[in-house]
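Asks: No gaps in the numbering here: position 177 of the sequence shown is 177 in full-length UniProt numbering, and each next residue is one more.
The hints are simulated quantities; they were obtained by calculation from the structure and are not laboratory data.
In this text, all values refer to a predicted model and were calculated from it rather than measured experimentally.
Every residue gets a Cβ at the ideal spot worked out from N, C-alpha and C, and that includes glycine.
There's no promise every hint is true.
[Said to hold, decoys possible] DSS-like, lysine-lysine: derived pairs with alpha carbons at most 30 angstroms apart:
| hint | residue 1 | residue 2 |
| --- | --- | --- |
| 1 | 76 | 95 |
| 2 | 45 | 173 |
| 3 | 173 | 138 |
| 4 | 76 | 138 |
| 5 | 151 | 138 |
| 6 | 138 | 95 |
| 7 | 120 | 151 |
| 8 | 95 | 151 |
| 9 | 120 | 76 |
| 10 | 151 | 76 |
| 11 | 182 | 45 |
[To be verified] Quick list of the computed label-pair ranges, beta carbon to beta carbon:
| hint | residue 1 | residue 2 | range |
| --- | --- | --- | --- |
| 12 | 53 | 85 | 22 to 32 angstroms |
| 13 | 196 | 225 | 48 to 58 angstroms |
| 14 | 132 | 212 | 13 to 23 angstroms |
| 15 | 141 | 79 | 20 to 30 angstroms |
| 16 | 210 | 160 | 18 to 28 angstroms |
| 17 | 225 | 198 | 42 to 52 angstroms |
| 18 | 222 | 191 | 29 to 39 angstroms |
| 19 | 207 | 160 | 30 to 40 angstroms |
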Amino acid sequence: MPDQLRHITTLVAAILVAVGLAAAGKFVGDGFRMGRAADRYVTVKGLAERTVTADLAVWPIRVTATGNDLGAVQSKVDQSVDSLTVFLVGEGLPKEALERGRVEVNDLMASPYRPEGADKARYIIAQTVTVRTAEVDKVRTASARTGELVKLGVVFGDTGGPVYAFTGLNEIKPEMIAEATKAARAGAEQFAADSGSSVGAIRQANQGVFTIGGREGVGAALADGEVEKRVRVVSTIEFFLVE
Numbered sequence: 001m002p003d004q005l006r007h008i009t010t011l012v013a014a015i016l017v018a019v020g021l022a023a024a025g026k027f028v029g030d031g032f033r034m035g036r037a038a039d040r041y042v043t044v045k046g047l048a049e050r051t052v053t054a055d056l057a058v059w060p061i062r063v064t065a066t067g068n069d070l071g072a073v074q075s076k077v078d079q080s081v082d083s084l085t086v087f088l089v090g091e092g093l094p095k096e097a098l099e100r101g102r103v104e105v106n107d108l109m110a111s112p113y114r115p116e117g118a119d120k121a122r123y124i125i126a127q128t129v130t131v132r133t134a135e136v137d138k139v140r141t142a143s144a145r146t147g148e149l150v151k152l153g154v155v156f157g158d159t160g161g162p163v164y165a166f167t168g169l170n171e172i173k174p175e176m177i178a179e180a181t182k183a184a185r186a187g188a189e190q191f192a193a194d195s196g197s198s199v200g201a202i203r204q205a206n207q208g209v210f211t212i213g214g215r216e217g218v219g220a221a222l223a224d225g226e227v228e229k230r231v232r233v234v235s236t237i238e239f240f241l242v243e
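With these hints in hand, go ahead and build the complete structure from the sequences.
Replies: Take a look at the structure:
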């Protein structure tokens, strides 16, 4: 091969290699920039709250009596349950909403750990009547008037009072999730504005856990006795940031 032709061939090969390297560098650079853009995101939290009214009341009412004559003690419990039923119906609650539980009998003399003086009040008999109704206001009113039954000689055991529940959570979940997402996006937009970016699509989202507490922020245990409740959800969302 003549020297001149060999020189031209070498020059062309060098040019092709240079062009290839330049193109490869451009692709690598573009890929790096795209990767960096894909890695840019912000994590924000969005809060949604709503005040709701309980739509279900469950009220276990335990009556009890003591004595040495088993039959007499049972009769006293029966009378107390009858008086309680009359009272509740008089407060506007239907009989269908009342459910009588089993009779519980405790013989203190049959216990190896009997307390002192057990022979003076050997038997303790108790029965629970449970009210379950959507008429929450009537239950709230009646529970405040049980002192009338005490005047009649009805003795109550400790059941903690009515429990009020909100059963419509599934109906309001979609709207509250949308509110939480909107609040999160607003936070992301503020961050993006401060950093000279704009908010893109959602990268990842965690709906969060719905909680039902008291309207004034008390814990779930105390909130059981409140008719007005607060539903709360905090969603965690990641948004892409766009240059």
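Asks: Is the Cα-Cα distance between residue 151 and residue 76 30 angstroms or less?
Replies: OK: residue 151 and residue 76 at ~15 angstroms, within 30 angstroms.
Asks: CA of residue 76 to CA of residue 95, is that 30 angstroms or under?
Replies: holds (21 angstroms)
Asks: Next pair to validate is residue 138 with residue 95; report whether the Cα-Cα distance is within 30 angstroms.
Replies: holds (13 angstroms)
Asks: Does residue 45 sit within 30 angstroms of residue 182, going by the straight-line distance between their CA atoms?
Replies: holds (10 angstroms)
Asks: Please work out if residue 173 and residue 138 have their alpha carbons no farther apart than 30 angstroms.
Replies: Status holds; Cα separation ~28 angstroms.
Asks: With 18 to 28 angstroms as the target window, see if residue 210 and residue 160 comply at their CB atoms.
Replies: holds (24 angstroms)
Asks: Given the hinted pair residue 45 and residue 173, is their Cα-Cα distance within 30 angstroms?
Replies: Holds, at about 17 angstroms.
Asks: Taking the Cβ atom of residue 225 and the Cβ atom of residue 198, is their distance within the range 42 to 52 angstroms?
Replies: holds (48 angstroms)
Asks: What's the verdict on residue 76 and residue 138, does the C-alpha distance respect the 30 angstroms limit or exceed it?
Replies: Distance of about 27 angstroms is within 30 angstroms: holds.
Asks: Just to be careful, I want the Cα atoms of residue 95 and residue 151 compared with a cutoff of 30 angstroms; is the pair within it?
Replies: holds (23 angstroms)
Asks: Kindly confirm whether 48 to 58 angstroms is satisfied by the beta carbon distance between residue 196 and residue 225.
Replies: holds (52 angstroms)
Asks: Can the restraint linking residue 151 and residue 138 be considered satisfied, given a maximum Cα separation of 30 angstroms?
Replies: holds (21 angstroms)
Hint check: no violations occur; every hint is consistent with the structure.
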